[in-house]
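Number of protein chains: 2
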Amino acid sequence: MNHGLTKHPSHSTTHSSAPQKLMVELANRSYPIYIGSDLLANPLIFADVPSASQAVIVSNQTVATWYLSALHGILKEKYPTVIPIVIPDGEEYKNLTVFEQVISQLLEHTCDRKTVLFALGGGVVGDLTGFVAACYMRGVPYIQIPTSLLAQVDSSVGGKTAINHTKGKNMVGAFYQPAMVVCDLKTLLSLPKREYLSGLAEVVKYGAIMDMRFFSWLEAHIEPILNMRMPELAFIVERSCRIKAQIVAMDETENHIRAWLNFGHTVAHAIEVGLGYGQWLHGEAVACGMVVETYIAQSLGLVTEHFVERLKHLLQAFDLPTSLPQLPAEDYLSIMRLDKKSIAGNIQFALVDGQGKASVVSVKDQDIYALLQTLLRA
Amino acid sequence: MNHGLTKHPSHSTTHSSAPQKLMVELANRSYPIYIGSDLLANPLIFADVPSASQAVIVSNQTVATWYLSALHGILKEKYPTVIPIVIPDGEEYKNLTVFEQVISQLLEHTCDRKTVLFALGGGVVGDLTGFVAACYMRGVPYIQIPTSLLAQVDSSVGGKTAINHTKGKNMVGAFYQPAMVVCDLKTLLSLPKREYLSGLAEVVKYGAIMDMRFFSWLEAHIEPILNMRMPELAFIVERSCRIKAQIVAMDETENHIRAWLNFGHTVAHAIEVGLGYGQWLHGEAVACGMVVETYIAQSLGLVTEHFVERLKHLLQAFDLPTSLPQLPAEDYLSIMRLDKKSIAGNIQFALVDGQGKASVVSVKDQDIYALLQTLLRA
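These protein sequence lines map, in sequence, to chains H and G. Using my numbering, the letters of the first sequence map in sequence onto residues 46 to 423. Using my numbering, the letters of the second sequence map in sequence onto residues 46 to 423.
Note that these hints are calculated values from the structure, not bench results. Even for Gly, the Cβ is constructed at its ideal location relative to N, Cα and C. Wrong hints could be hidden among the right ones.
Claimed, not checked - List time: in silico DSSO-like cross-link candidates among lysine-lysine, alpha-carbon distance up to 27 Å: (1) H:Lys159 with H:Lys123; (2) H:Lys123 with H:Lys212; (3) H:Lys357 with H:Lys402; (4) G:Lys212 with G:Lys409; (5) H:Lys238 with H:Lys159; (6) H:Lys409 with H:Lys212; (7) H:Lys159 with G:Lys409; (8) G:Lys159 with H:Lys402; (9) G:Lys123 with H:Lys123; (10) G:Lys121 with G:Lys66; (11) H:Lys159 with G:Lys212; (12) G:Lys231 with H:Lys212; (13) H:Lys238 with H:Lys357; (14) H:Lys231 with H:Lys66; (15) H:Lys409 with G:Lys159; (16) G:Lys357 with G:Lys238; (17) G:Lys66 with G:Lys231; (18) G:Lys159 with G:Lys212; (19) G:Lys123 with H:Lys409; (20) H:Lys409 with H:Lys357; (21) G:Lys402 with G:Lys357.
To be verified - Which residues of chain H face chain G? A few of them, derived with a C-beta cut under 7 Å, are: (22) Glu137; (23) Met182; (24) Val217; (25) Lys231; (26) Ser387; (27) Ile388; (28) Asn391; (29) Lys409.
Stated by the list, open to error - With beta-carbon atoms standing in for the labels, derived distance ranges: (30) G:Ala294 with H:Thr298: 50 to 56 Å; (31) H:Asp296 with G:Trp111: 41 to 47 Å; (32) H:Gln146 with G:Pro133: 23 to 29 Å.
Here chain H stands alone, though its shape is the one from the complex (with noise of 0.2 Å):
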């Protein structure tokens, strides 16, 4: 996939200046990612959204202090009505309860099939709104506005839209792709640190499944991509625009290569579902999950044990865990058997060749529960 490679910038490139602006390529469905800093401040961003007679704000509690009310004045010369709907923070909230309580808020202020919504905050607000967006009166527009790392340079493009059930991550959803991704660089800023860095788990993710030279340049950079710097920041959530658009365009529905972008994620929903949502960040257990996976892809002779440690190397200069948590090995299995992506009772992985490149494979039980007990005593 390297030949759409961008150049990598250098420390000097000013990248904050003008927007960039992406387009994810689904015929009459296309739509475009802009990236670039402040532009919340920047009606012009927003000149494109859809009419309609009311917009709602779908945002966190927290979220909502900091940017809800730049937003709201934005939209409010779009839209004769902008109604905000503020949802509680954390994953334990992406549910069923919260959906229905969406839905009747937008009942109650007499939303119609027009109505556009706008998801102003990380993964949890995204696939949330974007779930609602798709069910609500059968189908209605909605942008998505990622403010953490996570949703900019994941969640918010592609259109995969869900709630968790108790008994696993995203269990009822839709694909249903948004009409345009709007990624507000400066926003990051204010993210808790703990949450920036769980976001450069899927970062680093990309570049492990499609883009080796990526990889390399995260390695290389790791000082000021701890210390937020502008360039480096612009850059890292492009190129995961970028290779996400790419995939998406080629398999909207995950029929064969967008599968690839759930390398870490058989594992990372285990640890989620069995430790209960909220008590890792999604992004750190991707981080754990892509090092225990590539455990068993090395098992398999997919991949060498250099390949293994660079990875370790990388996660952990970004503070991510690559420790499984204490679970017996049995609830690890029991929980992705039922994950989305088993078929017929048969766990399968998306596993990464140390070259830049993913395949699907499934794995016994036997030898995924031999690998955990030896990870889980270590």
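Put chain G on the given structure of chain H with help from the hints.
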């Protein structure tokens, strides 16, 4: 639309011999509708169902007693595991609570993203199962096996899935097409008379909006239709499915002509919500709704009094209600304003012209109010 009209049956034709196959043409999502007698005893009909390790039959308590074992018998030849899920019978159970219960049961049975759902029942089972299929793991295949006249002629065809909200019918849903529709005419013979008659309302609707020759045929065959003679039943289902399939093929997501199918439904939904789900059957509300909306059309000069009388006469011959239940006119208005079809608070109706065509018209609140007052006082 009359150019597509098939030969009308003479009384002597035997329609129950070979199953008919119609196609809903939607490019790579095209699917067949099979219509015939005793199809639930005919494994050949199910030869092309998608393969999976599990099939799930969703049905209601009443229908399950009659047909669950027959379908189970056929499917167990095709799938290693066949799981029945039985929900309560009635429109009041087409809600988010039952939706969640079905999802939880799928997870308890470790259903995966290839699991095929079979909706065995009337409109409630079909709409709810279809919406579960649309959302479970972001979409699994499903097959409609409608056992009521209303479901065979209307709700099972075209991929409109949904559940109700206390504030409005079908407020949460998706456009999600089935892989196949199987209409076994024999199941109609076990329907309670009231349910059978209710289904005739949607049949009359097809005549009114698209095919006045069919409308006249219905007027001329009231006795055999009331007596559920098989040739007439077969013709009614086939003609209705053919019209619906044509409309859906032209406009899957209701951007233009599909809205004609809403004739009678703006008022019908207000009756159902106003009285409480399950008080009137959907088809009963549609019958009354068509009459009220045709009075509106007449007040706008779109249709003659003669057609209003013909419509009322035909519906009354089928023992369907044509007088509006006594609720305050304000209640009707406020519910209709919240209907999915409203745009920016303007209530929309699909109104017929008495010549086999319809059009979508936005009508002023005060005009609707005045007419409702007159009808409620009459």
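Now the hints, each set against the structure:
Restraint check: the Cα-Cα separation between H:Lys159 and H:Lys123 comes to about 14 Å, which is no more than 27 Å; the hinted pair holds. A distance of roughly 41 Å separates the Cα atoms of H:Lys123 and H:Lys212; the hinted pair therefore is violated under the 27 Å criterion. Taking the CA atoms of H:Lys357 and H:Lys402, the gap is about 18 Å. The hint holds against a cut of 27 Å. Proposed proximity of G:Lys212 and G:Lys409 is supported: the alpha carbons are some 22 Å apart, at most 27 Å.
A hinted pair counts as satisfied when its Cα atoms are at most 27 Å apart, and H:Lys238 with H:Lys159 does not qualify at roughly 38 Å. A hinted pair counts as satisfied when its Cα atoms are at most 27 Å apart, and H:Lys409 with H:Lys212 qualifies at roughly 22 Å. Between H:Lys159 and G:Lys409, the direct Cα distance comes to roughly 20 Å. Compliance with the 27 Å bound is thereby established for this hinted pair. Restraint check for G:Lys159 and H:Lys402: satisfied, since their Cα atoms lie roughly 26 Å apart, inside the 27 Å limit.
Of the pairs offered as hints, the one joining G:Lys123 and H:Lys123 is violated, with about 55 Å between alpha carbons and a cut-off of 27 Å exceeded. Restraint check: the Cα-Cα separation between G:Lys121 and G:Lys66 comes to about 24 Å, which is no more than 27 Å; the hinted pair holds. The suggested pairing of H:Lys159 with G:Lys212 holds, with an alpha-carbon distance near 18 Å, which does not exceed 27 Å. At roughly 40 Å between alpha-carbon atoms, G:Lys231 and H:Lys212 are farther apart than 27 Å, so this suggested pair is violated.
Of the supplied pair hints, the one linking H:Lys238 and H:Lys357 holds, its CA atoms being roughly 20 Å apart against a limit of 27 Å. At roughly 17 Å between alpha-carbon atoms, H:Lys231 and H:Lys66 fall within 27 Å of each other, so this suggested pair holds. Distance check on the hinted pair: H:Lys409 and G:Lys159 sit about 20 Å apart at the alpha-carbon level, within 27 Å; holds. Annotation: proposed proximity of G:Lys357 to G:Lys238 holds, straight-line Cα distance about 20 Å (limit 27 Å).
A distance of roughly 17 Å separates the Cα atoms of G:Lys66 and G:Lys231; the hinted pair therefore holds under the 27 Å criterion. At roughly 34 Å between alpha-carbon atoms, G:Lys159 and G:Lys212 are farther apart than 27 Å, so this suggested pair is violated. Restraint check: the Cα-Cα separation between G:Lys123 and H:Lys409 comes to about 25 Å, which is no more than 27 Å; the hinted pair holds. Taking the CA atoms of H:Lys409 and H:Lys357, the gap is about 24 Å. The hint holds against a cut of 27 Å.
Between G:Lys402 and G:Lys357 the CA atoms are separated by roughly 18 Å; this keeps the pair inside 27 Å, and the hint holds. Violation of the interface hint for H:Glu137 is found here, the shortest Cβ-Cβ separation to chain G being roughly 17 Å, above the 7 Å cut-off. At a threshold of 7 Å, the smallest CB-CB gap from H:Met182 to chain G is about 5 Å, leaving the interface hint in force. Against a cut-off of 7 Å between C-beta atoms, the interface hint on H:Val217 holds, since the closest Cβ of chain G lies about 5 Å away.
Taking 7 Å as the C-beta cut-off, the interface hint given for H:Lys231 is violated, the closest approach to chain G being about 32 Å. Restraint check, H:Ser387 versus chain G: the minimum CB separation of about 6 Å is within 7 Å; hint holds. Interface hint at H:Ile388: satisfied, since its Cβ lies 5 Å from the closest Cβ of chain G, which is below the 7 Å cut-off. For the restraint placing H:Asn391 at the interface with chain G, the shortest Cβ-Cβ distance is roughly 9 Å, beyond the 7 Å limit, so the hint is violated.
With a cut of 7 Å, the hint placing H:Lys409 at the interface with chain G is violated, because the nearest CB-to-CB distance is about 17 Å. For the hinted restraint 50 to 56 Å between G:Ala294 and H:Thr298, the CB-CB distance of approximately 22 Å leaves it violated. Separation of H:Asp296 from G:Trp111 is about 43 Å and conforms to the stated range, judged on CB atoms against 41 to 47 Å. Look at H:Gln146 against G:Pro133: about 25 Å separates their beta carbons, and that is inside 23 to 29 Å.
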